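Undergrad: All chains should be built: construct the whole structure from the sequences, respecting the hints.
Letter by letter, the chains look like this.
6 protein chains.
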Amino acid sequence: MVFITRRERFNAAHRLFRADFSDEENLNTFGKCSNPNWHGHNYTLYVTVKGLVNPETGFVINLKDLSQLIESQIIEKLDHRNINLEVDFMQGKLASTENIAIGIWDELEAPVGLLGGKLHCVRVCETENNSVEYFGKIF
Amino acid sequence: MVFITRRERFNAAHRLFRADFSDEENLNTFGKCSNPNWHGHNYTLYVTVKGLVNPETGFVINLKDLSQLIESQIIEKLDHRNINLEVDFMQGKLASTENIAIGIWDELEAPVGLLGGKLHCVRVCETENNSVEYFGKIF
Amino acid sequence: MVFITRRERFNAAHRLFRADFSDEENLNTFGKCSNPNWHGHNYTLYVTVKGLVNPETGFVINLKDLSQLIESQIIEKLDHRNINLEVDFMQGKLASTENIAIGIWDELEAPVGLLGGKLHCVRVCETENNSVEYFGKIF
Amino acid sequence: MVFITRRERFNAAHRLFRADFSDEENLNTFGKCSNPNWHGHNYTLYVTVKGLVNPETGFVINLKDLSQLIESQIIEKLDHRNINLEVDFMQGKLASTENIAIGIWDELEAPVGLLGGKLHCVRVCETENNSVEYFGKIF
Amino acid sequence: MVFITRRERFNAAHRLFRADFSDEENLNTFGKCSNPNWHGHNYTLYVTVKGLVNPETGFVINLKDLSQLIESQIIEKLDHRNINLEVDFMQGKLASTENIAIGIWDELEAPVGLLGGKLHCVRVCETENNSVEYFGKIF
Amino acid sequence: MVFITRRERFNAAHRLFRADFSDEENLNTFGKCSNPNWHGHNYTLYVTVKGLVNPETGFVINLKDLSQLIESQIIEKLDHRNINLEVDFMQGKLASTENIAIGIWDELEAPVGLLGGKLHCVRVCETENNSVEYFGKIF
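First to last, the sequence lines map onto chains A, B, C, D, E and F. So the first sequence is numbered by the working numbering: it starts at 1 and just counts up by one. So the second sequence is numbered by the working numbering: it starts at 1001 and just counts up by one. So the third sequence is numbered by the working numbering: it starts at 2001 and just counts up by one. So the fourth sequence is numbered by the working numbering: it starts at 3001 and just counts up by one. So the fifth sequence is numbered by the working numbering: it starts at 4001 and just counts up by one. So the sixth sequence is numbered by the working numbering: it starts at 5001 and just counts up by one.
If you are wondering where the hints come from, they were derived from the structure by calculation, not from laboratory data. Fair warning: this is a prediction, and the values are worked out from it, not measured in the lab. Be aware that one or more of the hints could be misleading.
Computed beta-carbon distance windows for the label pairs [to be verified]: (1) A:R9 to B:M1001: 36 to 44 Å; (2) E:D4020 to B:E1071: 53 to 61 Å; (3) D:D3106 to A:D20: 51 to 59 Å; (4) E:G4031 to A:A110: 45 to 53 Å; (5) C:N2037 to E:E4109: 51 to 59 Å; (6) B:R1009 to E:P4036: 44 to 52 Å; (7) D:A3110 to C:T2127: 23 to 31 Å; (8) A:K32 to C:A2110: 25 to 33 Å; (9) B:M1001 to A:P36: 41 to 49 Å; (10) B:G1113 to F:E5109: 24 to 32 Å; (11) C:A2110 to D:P3055: 18 to 26 Å; (12) E:M4001 to C:A2110: 56 to 64 Å; (13) C:S2022 to D:P3111: 27 to 35 Å; (14) A:R18 to D:D3106: 51 to 59 Å.
The calculated EDC-like cross-link candidates involving lysine to aspartate or glutamate, where the alpha carbons are at most 16 Å apart (straight line), are [stated by the list, open to error]: (15) F:K5050 to F:E5109; (16) F:K5093 to B:E1056; (17) F:K5032 to C:D2079; (18) A:K32 to B:D1079; (19) E:K4077 to E:E4008; (20) B:K1032 to A:D79; (21) E:K4032 to D:E3076; (22) C:K2032 to F:E5086; (23) F:K5118 to F:E5107; (24) D:K3064 to D:E3008; (25) B:K1064 to F:E5128; (26) E:K4064 to B:E1128; (27) A:K32 to B:E1076; (28) C:K2032 to F:D5079; (29) A:K32 to C:D2065; (30) E:K4077 to E:D4106; (31) C:K2064 to A:E128; (32) C:K2050 to C:E2109; (33) E:K4032 to D:E3086; (34) A:K137 to A:E107; (35) F:K5032 to C:E2076; (36) B:K1093 to E:E4056; (37) B:K1032 to A:E76; (38) E:K4032 to D:D3079; (39) A:K32 to B:E1086; (40) E:K4093 to F:E5056.
No residue lacks a Cβ here, since even glycine has one placed at the ideal position from N, Cα and C.
TA: The following block contains the structure:
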């Protein structure tokens, strides 16, 4: 079993808040991330797929295919977008890095399987100091 | 003469657009950066100050003072903010990296002088691939 | 279960040596790291906490709380300090990266639990080439 | 149990292709990586070793010994070399990052044991976007 | 005047050698870079353009145009190529980082002018330790 | 004229203080950098040399020679050392990044000339946030 990781990037706006909270409650809970006028990040996404090495190609899966899959399923939806308003798989969820990672996992798990690999980890870095990893429901 | 550089960071939302353009014209000119729902970046800011080394301290200027100045004059205004809507020194300007760098220069030039240094360069990195440097009106 | 990581940094002096060794023995065992006049590093610390996502906040734990905890319990004790002479939780221990990571784990395990998460990993990078991970006594 | 990681680097040429494929088939399968005139990378190698901390030294293993081992067993064979033509442990294999990682594991597993540690992971980064991890046949 | 920089990357094989030298002379002059079987690098290219900010757009030049220009004029010729054998503007030249930077400058100077900017600097990083800057014949 | 840069690194202890100051005065002026028990950094050093490209080699100067020069003249004196106590060219000076950069320049200027280049810039990075550049007495 070998683990292969592809890095992709997207730049997006978001806001952490609850509609049932007052501005003051949102500020207390989410700090400056609750700014009603939005803020944004250069997100870095690492997608790790595991599998056996195909002796015909030397690949677990073709990274070009994986990159195109992430591009079409994830980056096109997130890049230069407002995560709260415009991303279908984030509707009705708090736009935290945790939920973004879980949302990306749910989008990628099945199509990665169709490529012949098994999704192992989705890592999302919001800043150079903050990141999240999700390994599915196994752990 | 020695040149000393302090790095600071801010995360902000912005949009590139002209109010006198249609959405289609904005898209043609500014691409996906014109998204009306905003997007955002982790901006990295490098401020370079030049001066003689003070023999009493070994410093051009005290980097702690420079850091606090950048924090109070720039970062507090930009971090977790919407550059188009909320930043006083960007009002009425296109929120391009070029204009952000020039705006930061104009905010910092005088107070850096009060610290005893001379502002030499403001560098703003919007992504790992895109950055801008401004050296004032000298060049 | 989601894993969330916060990066913090500290700059410290240390020395690898045993008091029961001669200078020559220390040099043989620890190389130039045994220099009696100390040397130092920019250490990078990654603290990973695991837990379920709180549906009220979208957070495993609030990274602001985690950052403040690491700051008060770890960074204030280590930053701009001499690890051998001044850090309470390193007294009587060899100041290796391994022991620093274990020491940080022991300081953080209980208070991270009080924040509602479970400490998963402490990673300490001494240089861009050398790093250590500790996952507690589980492994 | 503590995990310690050493980073090393090598610059090498390679080509992804099968001798039983036509140029066109190789292009279809391996893309521009199949260029018959070779291309190359700055590979980054991370070797992780696990073990108990030796109370006499504070080390899992001495990183200087690990670095010298990686240098003599791996870097000298790969650095400024053609992976397809010149690296003994890659003969008869497709020069994919997956196979390079497995090949390095097989070269290092026994001698790392002689140093008193247990090889845990070999990570090979081909570019800033593409990397592979191998943990041996355990998984 | 504002300076704007775009980063692009290419992975290529090369060899430092002179056809009029014996293998031994090449080894003495160019070290392991003279390996007749080639080696390679992940090159990083920074292209800096200077100009006035266009008040209609906030741009010195549109970075999308600059990126496409670098892609079509430089990256397509260099990426996954053998610099000695396959790159038209490097024919008859030693494939040193210095000559690569000068060659890229000569390719880009005129078309950057057509975009409305003035080429200021071409920086080529061969490894994280080695890089070259060329500012044209002005200096 | 082409500019070529070599990166090297050293890990050292230092302290910012004046012997004619009380501990309190040192703390007021130099902050936690005045800790009498020392602290330390992973310093990164960038040495830039300018010159014409030698048509015989394609080099401004051979980077291997430059690297060996920096190693023997600078790194051996600074790496794993106490800058205040053990570095000959820093005796009698405040161990600020500014003075370190000037000191390195003075050590390198003549021998770089003997290699056939002209020293252009010494850049010293103390942390990822703080750095200094020195270009000699020209500016």
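Undergrad: Within a Cα-Cα threshold of 16 Å, do K4077 of chain E and E4008 of chain E meet the stated pairing?
TA: holds, 13 Å
Undergrad: Under the criterion that the straight-line Cα-Cα distance not exceed 16 Å, is the pair K2032 of chain C, D5079 of chain F satisfied?
TA: holds, 9 Å
Undergrad: Do the Cβ positions of G1113 of chain B and E5109 of chain F conform to the proposed distance bound of 24 to 32 Å?
TA: holds, 31 Å
Undergrad: Please check whether R9 of chain A and M1001 of chain B have a Cβ separation lying inside 36 to 44 Å.
TA: holds, 38 Å
Undergrad: CB of N2037 of chain C to CB of E4109 of chain E, is that within 51 to 59 Å?
TA: About 52 Å separates the Cβ atoms of N2037 of chain C and E4109 of chain E, which means 51 to 59 Å holds.
Undergrad: Sort out whether D1079 of chain B lies within 16 Å of K32 of chain A, counting only the CA atoms.
TA: holds, 9 Å
Undergrad: Within 16 Å, alpha carbon to alpha carbon, are K32 of chain A and E1076 of chain B?
TA: Since the Cα atoms of K32 of chain A and E1076 of chain B sit roughly 11 Å apart, the hinted pair holds (cutoff 16 Å).
Undergrad: Between the alpha carbons of K1064 of chain B and E5128 of chain F, is the straight-line distance 16 Å or under?
TA: holds, 15 Å
Undergrad: Quick check on a hinted range of 51 to 59 Å for R18 of chain A and D3106 of chain D, using CB atoms only.
TA: holds, 53 Å
Undergrad: Between K32 of chain A and A2110 of chain C, is the Cβ distance one that fits in 25 to 33 Å?
TA: holds, 29 Å
Undergrad: Would the hint linking K1093 of chain B and E4056 of chain E be met if the CA-CA limit is 16 Å?
TA: holds, 10 Å
Undergrad: Hinted pair, alpha-carbon criterion (16 Å max): K5050 of chain F, E5109 of chain F. Please report holds or violated.
TA: The hint holds at about 12 Å.
Consistency note: the structure conflicts with none of the earlier hints.
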